[in-house]
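Protein chains: 2
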Amino acid sequence: MMKTLNDLDIELLPQRKRGRLINSLSGFKSANVIGTTDGKGHHNLAMFSSVVHLGSDPALLGVVLRPPVEPEHGSHTYWNIRETGVFTINHVGSSWYEKAHQTSARYDAEESEFDAVGLHPVFRCGFEAPAVEESQVRIGLERVDEWKIPQNDCRFIVGQIRWVEFPEKAWEEDGFLDLENLEGVAMSSLDAYHSTQQLDRLSYAKKDVPLTSVKRGDTTAT
Amino acid sequence: MMKTLNDLDIELLPQRKRGRLINSLSGFKSANVIGTTDGKGHHNLAMFSSVVHLGSDPALLGVVLRPPVEPEHGSHTYWNIRETGVFTINHVGSSWYEKAHQTSARYDAEESEFDAVGLHPVFRCGFEAPAVEESQVRIGLERVDEWKIPQNDCRFIVGQIRWVEFPEKAWEEDGFLDLENLEGVAMSSLDAYHSTQQLDRLSYAKKDVPLTSVKRGDTTAT
Numbered sequence: 001m002m003k004t005l006n007d008l009d010i011e012l013l014p015q016r017k018r019g020r021l022i023n024s025l026s027g028f029k030s031a032n033v034i035g036t037t038d039g040k041g042h043h044n045l046a047m048f049s050s051v052v053h054l055g056s057d058p059a060l061l062g063v064v065l066r067p068p069v070e071p072e073h074g075s076h077t078y079w080n081i082r083e084t085g086v087f088t089i090n091h092v093g094s095s096w097y098e099k100a101h102q103t104s105a106r107y108d109a110e111e112s113e114f115d116a117v118g119l120h121p122v123f124r125c126g127f128e129a130p131a132v133e134e135s136q137v138r139i140g141l142e143r144v145d146e147w148k149i150p151q152n153d154c155r156f157i158v159g160q161i162r163w164v165e166f167p168e169k170a171w172e173e174d175g176f177l178d179l180e181n182l183e184g185v186a187m188s189s190l191d192a193y194h195s196t197q198q199l200d201r202l203s204y205a206k207k208d209v210p211l212t213s214v215k216r217g218d219t220t221a222t
Numbered sequence: 001m002m003k004t005l006n007d008l009d010i011e012l013l014p015q016r017k018r019g020r021l022i023n024s025l026s027g028f029k030s031a032n033v034i035g036t037t038d039g040k041g042h043h044n045l046a047m048f049s050s051v052v053h054l055g056s057d058p059a060l061l062g063v064v065l066r067p068p069v070e071p072e073h074g075s076h077t078y079w080n081i082r083e084t085g086v087f088t089i090n091h092v093g094s095s096w097y098e099k100a101h102q103t104s105a106r107y108d109a110e111e112s113e114f115d116a117v118g119l120h121p122v123f124r125c126g127f128e129a130p131a132v133e134e135s136q137v138r139i140g141l142e143r144v145d146e147w148k149i150p151q152n153d154c155r156f157i158v159g160q161i162r163w164v165e166f167p168e169k170a171w172e173e174d175g176f177l178d179l180e181n182l183e184g185v186a187m188s189s190l191d192a193y194h195s196t197q198q199l200d201r202l203s204y205a206k207k208d209v210p211l212t213s214v215k216r217g218d219t220t221a222t
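Note that the protein sequences, when read in sequence, are chains A and B. According to my numbering, the first sequence holds residues 1 to 222 in order. According to my numbering, the second sequence holds residues 1 to 222 in order.
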């Protein structure tokens with residue numbers, strides 16, 4: 001039986017119940033930890049499920065951050081990005097997703113989440129912001145834009161990719177990166193982690209032409 | 001062996017190879033079809049992997065659309081949203097993801113992708129925009145904001161949720177909606193579809209408190 005909720009029904013849900021429901025409605029989400037530094041040697045690492053592709057040329061990713069509070073009260077990822085202009089996005093793996101989740105606890109600015117949860121920072125390409133050694137896909141980005149979402153004061157940070165690192169074996173000839181074989185996980189709602197099983201890769205869709213499977217090689221893909 | 005690419009390496013990749021790689025870098029993505037109408041009875045349905053959660057109160061979702069071309073040349077989703085102010089987001093299911101993918105082919109404005117690929121429009125709550133009968137999670141949204149991404153002319157549409165519909169059995173008491181049991185799929189890169197397997201749901205993270213599993217009931221979750 002289908003349940004239908006209108007906007008008033010949604011508004012009247014208890015806050016946490018509403019949060020879990022609405023966070024389910026975008027569908028499956030990326031699971032990433034973002035690494036930053038305050039420029040004084042304090043490293044920060046925090047879990048985000050809101051990284052989204054914005055463009056390939058230039059190579060842009062966006063991420064939604066909660067409304068920033070005063071720096072002494074938190075929002076370390078936000079303020080570090082504002083201060084240094086750079087951050088890393090690191091795909092979360094199935095062997096360490098609990099550690100990634102634990103980074104969302106409230107640690108002081110002087111505490112490194114790397115130390116607190118048992119992950120290891122690595123540095124690449126002269127970037128101040130730490131990446132995560134345990135991650136199979138590490139990306140260095142420079143903040144190029146920021147929007148304030150007027151309805152809730154969240155910030156949408158736009159980053160341009162300056163470097164990326166991944167195991168060569170997972171990079172297919174046509175450019176596809178096989179995240180599944182890199183033990184990447186997906187998220188849903190606020191707290192669920194999922195491994196994946198590829199159903200197929202499908203050819204570029206054209207009107208009146210049957211789709212074929214890229215996976216099995218019998219492809220019309222561009 | 002790790003492969004490291006810097007921004008020049010990325011820029012020098014052939015366009016399609018770069019597109020497939022960069023589209024892999026955000027991690028797993030949501031798989032949704034967006035339903036719209038031009039207000040003259042022409043329905044449109046199109047595949048999007050860029051729906052992202054923006055907030056729970058008010059309930060907001062965002063979606064990235066390619067740079068619009070003139071209405072007579074395409075961008076039907078964009079122009080229909082501009083014309084009518086409303087659209088639906090429908091989770092793609094594992095039994096019909098090929099049909100969802102096929103909606104990305106180039107159809108004329110007068111052609112309905114519903115008819116072309118064999119999906120069925122349903123209408124809810126007085127909304128002009130069609131939802132998808134085959135979808136287990138259907139959401140009606142009103143456009144409340146739009147940003148132009150200056151680097152690539154893409155549009156980021158912000159929609160406020162006006163109604164949502166899903167099978168009651170999948171809605172857990174704490175608000176979590178079990179997308180996996182609704183045969184929802186995740187995407188990666190431009191053309192890969194994945195089913196999922198839940199690893200766990202984890203408790204709200206607190207400093208110096210071990211995480212527990214919401215799934216198994218032994219939880220400290222809020």
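Check before you lean on any hint, since a few could be wrong.
Since the list gives no way to pick one copy over another, a pair counts as held whenever it fits inside one copy or between any two copies.
Said to hold, decoys possible - Within a straight-line C-alpha distance of at most 27 Å, the following computed BS3-like cross-link-like pairs (lysine-lysine) qualify:
| # | residue 1 | residue 2 |
| --- | --- | --- |
| 1 | Lys3 | Lys207 |
| 2 | Lys148 | Lys215 |
| 3 | Lys17 | Lys148 |
| 4 | Lys40 | Lys206 |
| 5 | Lys17 | Lys207 |
| 6 | Lys206 | Lys3 |
| 7 | Lys148 | Lys207 |
| 8 | Lys40 | Lys17 |
| 9 | Lys169 | Lys3 |
| 10 | Lys169 | Lys206 |
| 11 | Lys40 | Lys215 |
| 12 | Lys40 | Lys207 |
| 13 | Lys17 | Lys206 |
| 14 | Lys3 | Lys215 |
| 15 | Lys3 | Lys17 |
| 16 | Lys169 | Lys40 |
| 17 | Lys169 | Lys207 |
| 18 | Lys3 | Lys148 |
To be clear, the hints were calculated from the coordinates, so they are not data collected in a lab.
Going through the hints against the structure:
1. Lys3 - Lys207: Cα proximity of Lys3 and Lys207: none, with 35 Å in one copy and 37 Å across.
2. Lys148 - Lys215: Answer is neither: 41 Å inside a copy and 35 Å across each miss the 27 Å cutoff.
3. Lys17 - Lys148: within (25 Å within a copy, 33 Å between copies)
4. Lys40 - Lys206: Result: close only across copies, 25 Å inter versus 53 Å intra.
5. Lys17 - Lys207: between (43 Å within a copy, 23 Å between copies)
6. Lys206 - Lys3: neither (36 Å within a copy, 34 Å between copies)
7. Lys148 - Lys207: Answer is neither: 39 Å inside a copy and 29 Å across each miss the 27 Å cutoff.
8. Lys40 - Lys17: Neither way: Lys40 and Lys17 sit 39 Å apart in one copy and 39 Å across, limit 27 Å.
9. Lys169 - Lys3: Answer is between: at 9 Å across copies they meet the 27 Å cutoff, but 45 Å inside does not.
10. Lys169 - Lys206: neither (31 Å within a copy, 37 Å between copies)
11. Lys40 - Lys215: Close neither inside one copy (48 Å) nor across copies (40 Å); limit 27 Å.
12. Lys40 - Lys207: Between. Shortest inter-copy distance 23 Å satisfies the 27 Å Cα cut-off; intra-copy 56 Å does not.
13. Lys17 - Lys206: Only across copies: Lys17 and Lys206 sit 19 Å apart there, 42 Å inside one copy, limit 27 Å.
14. Lys3 - Lys215: between (37 Å within a copy, 23 Å between copies)
15. Lys3 - Lys17: within (15 Å within a copy, 43 Å between copies)
16. Lys169 - Lys40: neither (37 Å within a copy, 51 Å between copies)
17. Lys169 - Lys207: Close neither inside one copy (34 Å) nor across copies (37 Å); limit 27 Å.
18. Lys3 - Lys148: Neither. Shortest intra-copy (33 Å) and inter-copy (35 Å) distances fail the 27 Å Cα cut-off.
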